[in-house]
Amino acid sequence: MPMIMGMRANLAQSIGVASAAALLLPLAPLATAAALSPSAPTSPSSPSSRSAASSPDEIPGHTQSLSFGDTAAEPPGTRAPGEARTSVRLAARTVRPYSLLGVVWDSADQPLPGRVEVRTRDADTGRWSEWRQLDVHPSGAGRTGEGAGARGATAPLWVGASDGVEARVLLERTDADPALPEGLRLELVDPGPGGAASSEAADPSRSPDAAEPAKPAEPTRPPGTDKAPGPDKAPDPGQAPNPDKAPGTGAGPDTGTETGPGTDPGAGADTRPGADTRPGADTRPGADTRPGADPGTGAGTDAGAEAGGAGGQAEAGAAVLPALSKEATRKQYPTAESFVGPRPRIVTRKGWGADEKLRESGHAYTKTVKAAFVHHTAMTNHYKCGQAPSIIRAMYRYHVKSSKWRDIGYNFLVDKCGTIYEGRAGGVAKPVMGAHTYGFNTNTTGIAVLGSYGKTEPSKRAVDAIARLTGWKLGLFGVDPAGKTWLKSGGGKFKKGRKIRFHTVSGHKDGYVTECPGARLYGKLGEIRTAAARLQGR
Numbered sequence: 020m021p022m023i024m025g026m027r028a029n030l031a032q033s034i035g036v037a038s039a040a041a042l043l044l045p046l047a048p049l050a051t052a053a054a055l056s057p058s059a060p061t062s063p064s065s066p067s068s069r070s071a072a073s074s075p076d077e078i079p080g081h082t083q084s085l086s087f088g089d090t091a092a093e094p095p096g097t098r099a100p101g102e103a104r105t106s107v108r109l110a111a112r113t114v115r116p117y118s119l120l121g122v123v124w125d126s127a128d129q130p131l132p133g134r135v136e137v138r139t140r141d142a143d144t145g146r147w148s149e150w151r152q153l154d155v156h157p158s159g160a161g162r163t164g165e166g167a168g169a170r171g172a173t174a175p176l177w178v179g180a181s182d183g184v185e186a187r188v189l190l191e192r193t194d195a196d197p198a199l200p201e202g203l204r205l206e207l208v209d210p211g212p213g214g215a216a217s218s219e220a221a222d223p224s225r226s227p228d229a230a231e232p233a234k235p236a237e238p239t240r241p242p243g244t245d246k247a248p249g250p251d252k253a254p255d256p257g258q259a260p261n262p263d264k265a266p267g268t269g270a271g272p273d274t275g276t277e278t279g280p281g282t283d284p285g286a287g288a289d290t291r292p293g294a295d296t297r298p299g300a301d302t303r304p305g306a307d308t309r310p311g312a313d314p315g316t317g318a319g320t321d322a323g324a325e326a327g328g329a330g331g332q333a334e335a336g337a338a339v340l341p342a343l344s345k346e347a348t349r350k351q352y353p354t355a356e357s358f359v360g361p362r363p364r365i366v367t368r369k370g371w372g373a374d375e376k377l378r379e380s381g382h383a384y385t386k387t388v389k390a391a392f393v394h395h396t397a398m399t400n401h402y403k404c405g406q407a408p409s410i411i412r413a414m415y416r417y418h419v420k421s422s423k424w425r426d427i428g429y430n431f432l433v434d435k436c437g438t439i440y441e442g443r444a445g446g447v448a449k450p451v452m453g454a455h456t457y458g459f460n461t462n463t464t465g466i467a468v469l470g471s472y473g474k475t476e477p478s479k480r481a482v483d484a485i486a487r488l489t490g491w492k493l494g495l496f497g498v499d500p501a502g503k504t505w506l507k508s509g510g511g512k513f514k515k516g517r518k519i520r521f522h523t524v525s526g527h528k529d530g531y532v533t534e535c536p537g538a539r540l541y542g543k544l545g546e547i548r549t550a551a552a553r554l555q556g557r
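Position 482 of the sequence shown, counted from 1, bears residue number 501 in this note's numbering, the numbering being contiguous throughout.
Check each hint, because a few of them may be wrong.
Label pairs and their computed distance ranges (CB to CB) [unchecked claim]:
#, residue 1, residue 2, range
1, D128, E379, 41 to 51 Å
2, A198, A347, 52 to 62 Å
3, S380, A538, 21 to 31 Å
4, D143, R553, 16 to 26 Å
5, G145, D196, 32 to 42 Å
6, K514, S344, 10 to 20 Å
7, G381, G145, 14 to 24 Å
8, A347, G202, 29 to 39 Å
9, R146, A335, 28 to 38 Å
Source of the hints: derived by calculation from the structure; they are not laboratory data.
Yeah, the Cβ is synthetic: ideal placement off N, Cα and C, and Gly gets one too.
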C-alpha cells in the first residue's frame with residue numbers, strides 16, 4: 020500500500036483506538052435501500068472533475084464530495100450530558116454511482132483524532148457491506164513529498180460499483196471533544212470508462228482470474244523540465260557482495276553503526292563529466308525546492324532526459340510496451356549497465372486511460388534508482404483483472420484531485436494476473452520520484468500490487484511480475500536485486516539524515532511504520548530478489 024509516500028500505512032502513533040465499548044456504540048436506525056432517497060447534488064472536488072467527456076480526447080469520470088460538517092450529529096442518547104463526543108457520522112444515503120472512496124481534509128499537517136469506517140451499498144444487489152476501516156496516511160505535508168498543498172487523507176478503498184454510502188469517525192476518548200480537522204469530507208470516485216486502449220491493454224484473458232465474479236471488498240484491518248538523469252556509471256560502494264544474494268524472508272534494513280562521520284556507504288556518487296557534486300539538495304534551475312519535497316540528493320531535479328537512451332522516444336504514445344529479450348533490451352536502452360534483465364510487458368498510462376490533464380505538469384526526478392519498495396494497495400482481492408485499469412484510474416483521480424498530490428503515488432502497479440502498469444508519469448526507464456515510502460522516496464521506485472496480502476497469498480503471476488520488473492528497472496541503474504544499499508532517511512521511521520542499509524528489493528514496512536505489503540507478500544521478497552538477479556544474469 021501509495022507511501023509515502025506510503026500509502027496504506029497504519030501508523031503506531033497515528034490513532035488512539037477507542038475502547039471496546041466505543042466500538043459498540045448504538046447506531047442510528049438505517050433506512051432500507053428503497054427508503055433512501057437520492058441526496059442533493061454533491062459538489063465535485065474540483066472544477067475539473069466531470070461526469071462526462073466534453074471531447075473525444077477527454078476521459079470521463081467524476082468525484083463527489085460529502086462533507087461531515089453538516090451531518091456530524093450523533094444519534095440521540097449516544098452520550099450522557101457533559102460527556103465528550105465519541106464519533107462523527109455521515110448518515111446513510113443514496114448517491115451517484117461510484118467505485119472508490121476515501122476521506123480527506125484540508126491540511127496534511129492536521130492529524131485525524133480517530134478511526135474512519137465506511138460501509139457501502141452494492142449498485143447491483145442493493146445489499147450493504149460490513150463496516151470497513153480506512154488506513155490514514157501519516158500527517159504532515161512533507162511525509163508525501165507532494166508539497167505544502169497536500170491534503171490530509173486516508174488511503175483509498177476500491178468497493179466496486181456502489182450507489183449508497185455511510186461513514187463514521189470513531190474518536191479518541193478524551194475529556195473534551197477532540198478537535199476535528201477543517202474540511203473533513205468523504206470523496207466518492209467514479210473512474211469512468213477508459214476506452215478501447217485500456218480494455219485491450221489489460222489483457223485479462225491471460226488468466227482464469229479474469230472470469231472471477233465481482234465480490235464486495237474485504238474489510239481492511241489496521242496492521243500498520245522533462246529531463247531525468249541516466250543510470251549512474253559509478254559502482255555503488257554500499258552494494259552488498261555475493262553473500263547477500265542468499266534468498267531471505269524479507270528481513271528488514273540494517274540500522275547498525277555507520278562507517279564514519281559524514282560518510283554515505285551507498286552514495287553511488289555521479290562522477291560523470293558535468294555532474295553536480297555539491298553537497299545537499301540540487302539547487303540548479305528547475306530543481307524542486309517546494310516545501311515538503313522529500314529530502315535527499317537530487318530530489319525533484321529535472322536534469323538528464325537522456326535516461327533510458329533510445330527507449331524514451333520508442334515509448335512515447337504507446338499503450339503497451341511489449342516484452343523484450345535481453346539482447347533487445349540492451350539495444351533499446353544503450354546506457355544500461357551490463358547486468359540488466361529483459362524488459363517486461365508494461366501497460367503505459369495511455370494504456371490504462373490516464374487523463375494527463377488531471378496531474379501537475381512536468382515531472383520530478385531523482386538522480387538514480389538504488390532500491391525498490393514493494394507495497395500492496397490494501398484493497399479487495401476479489402476484482403476481475405479486466406477491472407485493474409479502472410482501479411488505477413480511480414486511485415489516480417483520488418491521489419490528484421482529492422489528496423492534492425502531483426500524480427498517482429506509485430511508480431508501478433501490478434495486478435493479480437501479473438500485468439504491470441506504469442504509475443507516476445515521467446518515463447518507465449527514468450528515475451521518477453514517486454510518493455510511496457515516506458522518508459525514502461528519493462533514489463527509489465515504488466511498486467504496488469493491487470490487493471491485500473496480510474492473510475492472502477499473492478498470485479504466482481504477481482510475484483513473477485515483480486521479479487521481472489525489478490530485474491529490469493534496477494538493472495538499468497546497475498543495481499543487484501539480491502544485494503543491499505544505503506539510503507538516507509528523510510524522516511519518519513528513522514531519524515532524518517540517518518543512513519540506513521536496505522535490501523535493494525524491500526517492503527514498505529522496512530522503511531516506514533506499517534504492515535504493508537502484508538505478511539504474505541513480504542514473505543515472498545526473498546524469492547523475488549533471487550529471481551530478479553537470475554534474470555539479470557548474476
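message: Going through the numbered hints above, which ones does this structure break? Give me the numbers in ascending order.
response: Per hint list: 1, 3, 4, 6, 7, 8 and 9 violated.
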